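> One-letter residues, chain by chain:
Number of protein chains: 2
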Amino acid sequence: MVSENKSYLDLVDDCDSFPYSDPSNPHHADPYAQFYAFYLPSDPRPHGYLLPATVASMPWTEEFSVDHDSKTITLNASQNPSTTSTSTSTTAFKHLIDTAISSNRFKLLHGEHSEPYPIIGARVPVSLERYAAPLFGIISRGAHLTVYTRCGDDGGELKIWVPRRSKHLFTYPNCLDTTVAGGVTAGEGPFECVVREAGEEASLDEQVVRQNAKSVGCLSYIHHKDAPGDSEKGLFSPELIYCFDLEVAPDAVCRQCDDEVKEFYLMGVQEVKHALERGEFKTNSACVMIDFFIRHGIVTPEEEKNYAEIVARLHRRLPFPTSSDQ
Amino acid sequence: MVSENKSYLDLVDDCDSFPYSDPSNPHHADPYAQFYAFYLPSDPRPHGYLLPATVASMPWTEEFSVDHDSKTITLNASQNPSTTSTSTSTTAFKHLIDTAISSNRFKLLHGEHSEPYPIIGARVPVSLERYAAPLFGIISRGAHLTVYTRCGDDGGELKIWVPRRSKHLFTYPNCLDTTVAGGVTAGEGPFECVVREAGEEASLDEQVVRQNAKSVGCLSYIHHKDAPGDSEKGLFSPELIYCFDLEVAPDAVCRQCDDEVKEFYLMGVQEVKHALERGEFKTNSACVMIDFFIRHGIVTPEEEKNYAEIVARLHRRLPFPTSSDQ
Numbered sequence: 003m004v005s006e007n008k009s010y011l012d013l014v015d016d017c018d019s020f021p022y023s024d025p026s027n028p029h030h031a032d033p034y035a036q037f038y039a040f041y042l043p044s045d046p047r048p049h050g051y052l053l054p055a056t057v058a059s060m061p062w063t064e065e066f067s068v069d070h071d072s073k074t075i076t077l078n079a080s081q082n083p084s085t086t087s088t089s090t091s092t093t094a095f096k097h098l099i100d101t102a103i104s105s106n107r108f109k110l111l112h113g114e115h116s117e118p119y120p121i122i123g124a125r126v127p128v129s130l131e132r133y134a135a136p137l138f139g140i141i142s143r144g145a146h147l148t149v150y151t152r153c154g155d156d157g158g159e160l161k162i163w164v165p166r167r168s169k170h171l172f173t174y175p176n177c178l179d180t181t182v183a184g185g186v187t188a189g190e191g192p193f194e195c196v197v198r199e200a201g202e203e204a205s206l207d208e209q210v211v212r213q214n215a216k217s218v219g220c221l222s223y224i225h226h227k228d229a230p231g232d233s234e235k236g237l238f239s240p241e242l243i244y245c246f247d248l249e250v251a252p253d254a255v256c257r258q259c260d261d262e263v264k265e266f267y268l269m270g271v272q273e274v275k276h277a278l279e280r281g282e283f284k285t286n287s288a289c290v291m292i293d294f295f296i297r298h299g300i301v302t303p304e305e306e307k308n309y310a311e312i313v314a315r316l317h318r319r320l321p322f323p324t325s326s327d328q
Numbered sequence: 003m004v005s006e007n008k009s010y011l012d013l014v015d016d017c018d019s020f021p022y023s024d025p026s027n028p029h030h031a032d033p034y035a036q037f038y039a040f041y042l043p044s045d046p047r048p049h050g051y052l053l054p055a056t057v058a059s060m061p062w063t064e065e066f067s068v069d070h071d072s073k074t075i076t077l078n079a080s081q082n083p084s085t086t087s088t089s090t091s092t093t094a095f096k097h098l099i100d101t102a103i104s105s106n107r108f109k110l111l112h113g114e115h116s117e118p119y120p121i122i123g124a125r126v127p128v129s130l131e132r133y134a135a136p137l138f139g140i141i142s143r144g145a146h147l148t149v150y151t152r153c154g155d156d157g158g159e160l161k162i163w164v165p166r167r168s169k170h171l172f173t174y175p176n177c178l179d180t181t182v183a184g185g186v187t188a189g190e191g192p193f194e195c196v197v198r199e200a201g202e203e204a205s206l207d208e209q210v211v212r213q214n215a216k217s218v219g220c221l222s223y224i225h226h227k228d229a230p231g232d233s234e235k236g237l238f239s240p241e242l243i244y245c246f247d248l249e250v251a252p253d254a255v256c257r258q259c260d261d262e263v264k265e266f267y268l269m270g271v272q273e274v275k276h277a278l279e280r281g282e283f284k285t286n287s288a289c290v291m292i293d294f295f296i297r298h299g300i301v302t303p304e305e306e307k308n309y310a311e312i313v314a315r316l317h318r319r320l321p322f323p324t325s326s327d328q
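For the protein sequence lines, the chains are A and B, in the order given.
According to my numbering, the first sequence is numbered sequentially starting from 3.
According to my numbering, the second sequence is numbered sequentially starting from 3.
Keep in mind that the hints were calculated from the coordinates and are not lab data.
Remember, it's a predicted structure, so these values are computed and weren't measured experimentally.
For glycine and all other residues, C-beta sits at the position ideal for the given N, C-alpha and C.
Worth double-checking, as some hints may not be accurate.
[What the hints assert, rightly or not] With the C-beta cut set under 7 Å, the calculated list includes, among others, these residues of chain A facing chain B:
#, residue
1, P25
2, K216
3, H317
4, P321
5, S326
Let the hints inform the model, and build the full structure from the sequences given.
Okay, structure coming up:
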């Protein structure tokens with residue numbers, strides 16, 4: 003996958019790869035037309051989009067209504083007076099995904115269970131397993147922390163801690179990555195996620211992270227997955243990444259402490275730019291780095307002709323509700 | 003216009019007020035259907051959208067083809083071998099807008115000429131007058147500089163320099179504003195624009211601004227103008243704002259030096275929050291402040307339930323090309 007001379011816009015295209023609707027051409031092919039919209043109980047707003055191939059392979063249980071004419075899937079969690087509708091919906095997902103895993107229907111699930119992910123924007127809390135979210139086209143959420151320092155006598159040289167992923171990882175083996183990154187699981191906020199992952203992945207002191215990590219925005223995009231396995235090509239995969247920055251002292255060190263990271267490098271801006279150009283970063287981590295460069299004045303509108311397009315594409319409005327009291 | 007308790011999302015709605023297409027409902031009203039698309043010579047991509055009322059009132063010259071069936075306006079600058087197509091297109095706009103101003107067809111032009119604005123994303127440089135851009139639905143570009151300082155013994159209290167606009171201004175009289183803001187004119191980059199405006203509007207030293215102002219991103223949105231005058235209600239007005247931050251010493255002072263600013267205040271974060279809630283800021287300057295709050299960790303995903311929606315809406319992808327070698 004290593005390619006020379008990728009532009010920043012090429013890197014954004016790799017990540018935000020699902021087509022946009024074109025308002026200037028009413029006859030354009032609607033990129034959403036083939037998908038089945040996914041609905042939660044008592045909520046008219048869709049929360050996901052499924053491929054027809056996924057709909058055909060999924061071992062639907064009676065809690066899910068599949069309507070091929072309107073291309074909709076609706077979760078109608080039965081109202082058991084002894085449980086809340088929350089746990090009913092979560093339980094319905096659990097039964098469905100348990101069956102899908104045990105019958106090994108989807109390569110994406112790779113036969114194992116994963117952490118619970120909440121459906122952001124749901125009116126009542128509902129969660130499903132992390133690996134299953136892209137099958138339903140439901141928003142996945144991650145949190146990324148970029149750790150950097152200022153070196154040199156005048157503190158003028160910015161350097162960034164960049165890990166290389168282990169070669170045994172299922173996704174993006176050997177790629178460069180954001181300093182610290184993880185999925186935001188049910189019942190956890192983005193900040194707690196980076197505090198936890200910073201200890202697990204980079205051996206960073208909890209108190210240093212807690213006191214100094216700064217929330218700086220979020221990225222959103224829709225990835226058009228091209229995973230191996232016919233049923234899983236072309237999945238609609240909307241993602242939301244909460245971004246945090248952490249400036250550390252020049253003598254601070256990030257060190258691997260689990261087997262997901264092979265090693266850490268302290269890289270100058272030019273080194274990072276070259277690694278981005280060569281396509282060495284994990285797809286979404288390249289976007290987090292581009293956003294860091296934009297926020298830190300390293301990429302500017304004077305020098306980057308695609309500046310406005312890049313910034314807009316890094317913050318795509320997802321076609322689902324994302325506001326939540328959870 | 004003062005209203006109590008506006009949420010951040012309310013403030014974003016006020017600015018990014020043109021409706022979105024809804025992919026989950028193919029029968030929804032297409033918000034673009036009523037508009038005429040505007041095309042430049044030899045370029046199949048639209049660069050603007052005009053209201054039927056504007057098309058009817060505009061004193062079109064022979065260089066512009068108006069097609070009511072396809073709802074398109076095309077600039078067909080005649081190829082005069084003695085001039086470049088650039089100057090031909092700019093000249094065609096000049097003739098048209100001169101006539102529109104002298105015949106006083108549009109209140110928006112308020113009978114006077116304004117600075118030349120380039121059409122970003124045009125294949126060859128073309129410009130038209132600033133005040134006329136919204137009539138054609140062409141992207142307007144501004145640059146905003148937020149000047150702030152850190153006060154207190156530990157430098158922990160962030161304060162922001164906030165001007166109040168003069169009461170005689172045509173737009174948003176008496177409103178609070180970004181420290182420094184201006185339109186990016188033809189032949190000028192966003193950075194040079196803020197350097198120039200920082201001297202003109204806030205008496206900031208050119209060298210301080212040049213050395214320390216940092217490019218931090220851009221905002222984009224589509225405003226649905228509701229100006230007085232029937233022909234000018236509902237204009238499609240896409241805007242792009244380049245954002246810059248400047249941290250100054252606690253003893254630095256912003257001081258008005260032209261008649262656009264009434265006075266400057268050094269406001270704490272709570273004061274700014276309350277002024278935003280009361281709707282005291284100019285519409286797009288409220289968005290620049292919200293973006294500042296997000297980038298500085300003042301608004302976080304843990305505390306703001308509409309976080310992801312706000313961030314996406316502040317970076318709307320405009321339906322026109324924005325990449326340019328100019």
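> Confirm or reject each hint.
Against the structure, the hints come out as follows:
1. P25: holds (4 Å)
2. K216: Interface hint status for K216 of chain A: holds (4 Å vs cutoff 7 Å).
3. H317: holds (4 Å)
4. P321: OK, holds: P321 of chain A within 7 Å of chain B, min 5 Å.
5. S326: holds (6 Å)
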